[in-house]
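So the chains spell out like this:
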Amino acid sequence: MSIEFPSQQSSGPQSTVDRVRATLVSALSSAIGTLRTRLYSLRFGDWVSILLTLGVVAIAGTAFAGTTGALLAVGGGLSLALTLVMTNSSNPLVSSLGVVTGIATGALAAAVAAFVFYVLLQTGFSGLFAGLGIVSLLVASTGAFLGPIRSISRLAIARSTLVVTVGIVGIVGLVLALVAPRAELRQQATDAGVATGQTVVSTALSVDPAHALSTLFVLLAAALFFAGRVVVRLPVERLLPADRRSTAVAAIEWVQQWRITLVRASLVVAMVTGIGLLLDATVPPQDEAAWLLAYTQLFRTDQLLAVVPPPVGEIVVGVVSSQGVRAGLYAVIAGSIAALITVRLGGALRRGLAWTAVKLAAPLVGGIIAAIPFGLLASRFEAIDLLIEVAPAATPPELVEFLQDVPAFVAGAAVVAVLLVLCVTTLLALGLLSTVIVLPANTGSTALASIGLFGVAVAAVVVDRPLIAVGVAAAALCVWDVGEFGATLRTELPDRSPTLRAETVHASGSLLYCSAGAVGAWLLYRLAVPQVQPPAAEIAAVGLLGSLGVAALLALLLPRA
Amino acid sequence: MNPLSRWQGALIGGLLLTVLGVLIGADGLLVVALVALVVVGLAKLSPPPSAAYSIERTLSNSRPNPGEPVTVTLRITNESRRMLPDLRLTEDLPESLTVISGSRSVGTAIPPGGETTHSYEIIAPRGEFAFGDLTVRRRNLASTLGVADFVTPKGTTQFTCETLIDSLPLRQQTIQFVGETPTNQGGAGVEFFSTREYRPGDPLNRIDWNQYARSGTLSTVEYRLERAVTVVFIIDDRTAGHVDAIGGGPNSFDLTLYAAARGIVTSLEDGNETGVATLGGQWVDPGVGEHTRSRLETVIDTAEPVDESLLDSVDDSDSDDAAESGKGTDQTVAADGGMELLHRLPENGQVVICSPLVDDAIVEYAEQCSSYGHAVSVLSPDMTTGRGVEALSMGNRVGRLRRRQRITALRGRNTAVADWNLREPLLVELQRLQRRWAT
Chain A
1 MSIEFPSQQS SGPQSTVDRV RATLVSALSS AIGTLRTRLY SLRFGDWVSI LLTLGVVAIA
61 GTAFAGTTGA LLAVGGGLSL ALTLVMTNSS NPLVSSLGVV TGIATGALAA AVAAFVFYVL
121 LQTGFSGLFA GLGIVSLLVA STGAFLGPIR SISRLAIARS TLVVTVGIVG IVGLVLALVA
181 PRAELRQQAT DAGVATGQTV VSTALSVDPA HALSTLFVLL AAALFFAGRV VVRLPVERLL
241 PADRRSTAVA AIEWVQQWRI TLVRASLVVA MVTGIGLLLD ATVPPQDEAA WLLAYTQLFR
301 TDQLLAVVPP PVGEIVVGVV SSQGVRAGLY AVIAGSIAAL ITVRLGGALR RGLAWTAVKL
361 AAPLVGGIIA AIPFGLLASR FEAIDLLIEV APAATPPELV EFLQDVPAFV AGAAVVAVLL
421 VLCVTTLLAL GLLSTVIVLP ANTGSTALAS IGLFGVAVAA VVVDRPLIAV GVAAAALCVW
481 DVGEFGATLR TELPDRSPTL RAETVHASGS LLYCSAGAVG AWLLYRLAVP QVQPPAAEIA
541 AVGLLGSLGV AALLALLLPR A
Chain B
1001 MNPLSRWQGA LIGGLLLTVL GVLIGADGLL VVALVALVVV GLAKLSPPPS AAYSIERTLS
1061 NSRPNPGEPV TVTLRITNES RRMLPDLRLT EDLPESLTVI SGSRSVGTAI PPGGETTHSY
1121 EIIAPRGEFA FGDLTVRRRN LASTLGVADF VTPKGTTQFT CETLIDSLPL RQQTIQFVGE
1181 TPTNQGGAGV EFFSTREYRP GDPLNRIDWN QYARSGTLST VEYRLERAVT VVFIIDDRTA
1241 GHVDAIGGGP NSFDLTLYAA ARGIVTSLED GNETGVATLG GQWVDPGVGE HTRSRLETVI
1301 DTAEPVDESL LDSVDDSDSD DAAESGKGTD QTVAADGGME LLHRLPENGQ VVICSPLVDD
1361 AIVEYAEQCS SYGHAVSVLS PDMTTGRGVE ALSMGNRVGR LRRRQRITAL RGRNTAVADW
1421 NLREPLLVEL QRLQRRWAT
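Just so you know, the protein sequences line up as chains A and B, in that order. Counting along the first sequence from 1, when you hit position 259 you're at 259 in the numbering used here, and nothing is skipped either side. Position in the second sequence (first residue = 1) + 1000 = the numbering used here.
Isolated chain A, as found in the complex (with noise of 0.2 Å):
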């Protein structure tokens, strides 16, 4: 009798089944096991603080937007944080998996994005809030749930922006696989890529008064934001003589040092003249906040002209108005993306072909596999059909025509890359807040979380639920001051050092102040508040402008600890 190693035994259909199933199940103990090794690392402080997220959300969001509401908040946050965690696993069959949880995260996102529209037309001004208000509820349960891995790196958010992307590429192919055999089919895609083309570089490069304004200091953080990437990586210190080449750090790492505060100026920037244009465009004229649009108009350019000075005035909206800048800003954007992904590639393969292409190859194998599945499930349930009747108006007919010929399997692989683009979307939101605010290294989610809750506070007062805003507030308050003191423990001690008696009477103390906290608010704005008279409308919009350039500058001048 011959005894028969694992290495020689035949290699049939049911061991390659086989196979995969154990590195599946493998892939799997592996990402159980890590999740494990995290839970157990959280202390009680952390644990304070994201059941006190959770159930805050829960509460507020059931009172704020209904249970449906809320449940898309836990939802959405759970969503986000997994396809966070898993596509920046080193596991390439994780990071597969993570392209799958995106699925969900963008349904979950449309489903949020789909709620707070339905909100915002049932109810005007205070619904833009309503669903500020949910958006903030998903940003303190994403911030809760990444609790237990605490840091969100801006790296983290590119790199599963990046494995998402390629998922998204990997479905594409496949559509594309599917159609390029039938002549028919063929021509349309073509006709419909050329229009959609022509239509995102005409709505790229559009300067409607609407939002020219807001979208110009967008481009202009993305450009300076990803040149200063390429920049860094440039060994311009090594091409000097050794005398010169600290005066050269030293400049370098001044004007990197400012580049950072301009990018920042320039999303604060965007992000308030964004909600300026947002609420011109929705508040109705008959709605309470009208007098709100007296103000909020002026971020047009068309107004623009008329309030600033002839010839500051002109040159502002010159520029502004260019679509010569604007296409060299996406120029300067789209050539840095460029060489940032030649020099990430160009290292990587350094390390090994193999892994590379194992990295790379991941993500692509996983949007596809993710494709059959939920491209059938969307087939069946004729998806399509209700994307393209919430399709924009701009969308071209071409597009539209191609997406109801092609057979029912291809429109629902078509949805899934749609939901795969608005988690891509969602995660360069968040992105851009963790580049807005500077999440601190060692206490991102509890940051996250924090500031979620705070928003959610602020949605509550406009939307007249002042009593849940006090307690949403004090909630955002013990929230932060918990998990901070949990993350400075963790840097002063060594793991396993025993710190649950500190923590227990931290997080009492917190839930004191902050309870008497909001006692006190609650007491002042019953007693006080009426008393307190609204200047005139014009104090108001200087002071108004004020605060925020107070605020923003007191922001960017923040040590980035």
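Bear in mind the hints are in silico, worked out from the structure with no lab data behind them. Quick reminder that beta carbons are idealized off the backbone N, C-alpha and C, glycines included. Careful: at least some of the hints might be erroneous.
What the hints assert, rightly or not - Here are the in silico distance ranges between beta carbons for each label pair:
id, chain 1, residue 1, chain 2, residue 2, range
1, A, Asp-495, B, Met-1394, 22 to 32 Å
2, A, Arg-351, B, Glu-1121, 38 to 48 Å
3, A, Arg-21, B, Met-1394, 17 to 27 Å
4, B, Arg-1413, A, Arg-21, 19 to 29 Å
Since the structure of chain A is already known, use the hints to place chain B on it.
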């Protein structure tokens, strides 16, 4: 006292919302702003942490043996009338000390007049060790004020790790002098061994009179003969024959020396003629007197790992790879100084080889000793025990397997091996070895 910047975000947000609320007349925004400002205000009012506290350090054993766990206990007392809400202590330990249980840091809170204790376990190699200052960070309840102190605690500030004495059972190869080592021979002694037929001349006090009363025949009681033995401890002091402990702590040389020292002193106290040899070339003739004791002590105290040993040529050929390729033969051993040491061993003398068994050279040498008619025992600390680590690496597991193979090979050649698991006291393994010999 340093102010800690934890609330700028809340402060900025509160101020911004206040300005917005007042300017645009949205009084609802003021309530959110007020929450932030009141909480920040209350946090700023939190009193600074008291500096009235004391710390005392105690050790479960201030003169431990190498590798013996020592429990360090810190007793922190709040001597003020206010609570110490946040106290973070970190011990500054010498690098060679390894924490095997618990943590050298703790974060705690202590009520007014109260106290708390924190314990952790360390192991140390040979030597004297002094604890550094404790780093103590204090914060107030709201964590808005903090300060760091460097405190020298009361109580133990240093300790010594040295070798101590215990009994080492020796094998049945004795010399013709009365000693305390029991043999498998009957004769004069204290422990009953057997009875035999009376022979003329036997002492009257050894006649079994009970037997005579029952059967009417004379028989003589024999007691277990206790004789002295000559024993030479061979200490493996080759640098190549030793490894660091997995997860820190005393290395294999420290533990080998410790095991040898325990055996040597016990052997001397049992009246055995005891000598010592090292593979680095040191030699002390077996003896029992003060002079021998002094020389043995000097060798133990001054022993250090050596790069060149009597088995050098064996080292070259006796690595694991070499063993696999069939090298490391008896001829190789016989060709070097290892033979010289073999010739110096006294006839009828027992040999106790003290080595961690991390290579094959020492196994070959044990076989050589055995083939020259010496009863050989091996006393070996198991350096693959892996204290202080959760799981062994793949390399460590391979090392452990190879060491087990060596032990199996030695035992298969009738060489007793005391395999000292570092999680247990040395004495436990020695007792196991004794039981094995008895059977």
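Mind listing which of the numbered hints don't hold for this structure, in increasing order?
Checked against the structure, the only hint that fails is number 4, while the rest are satisfied.
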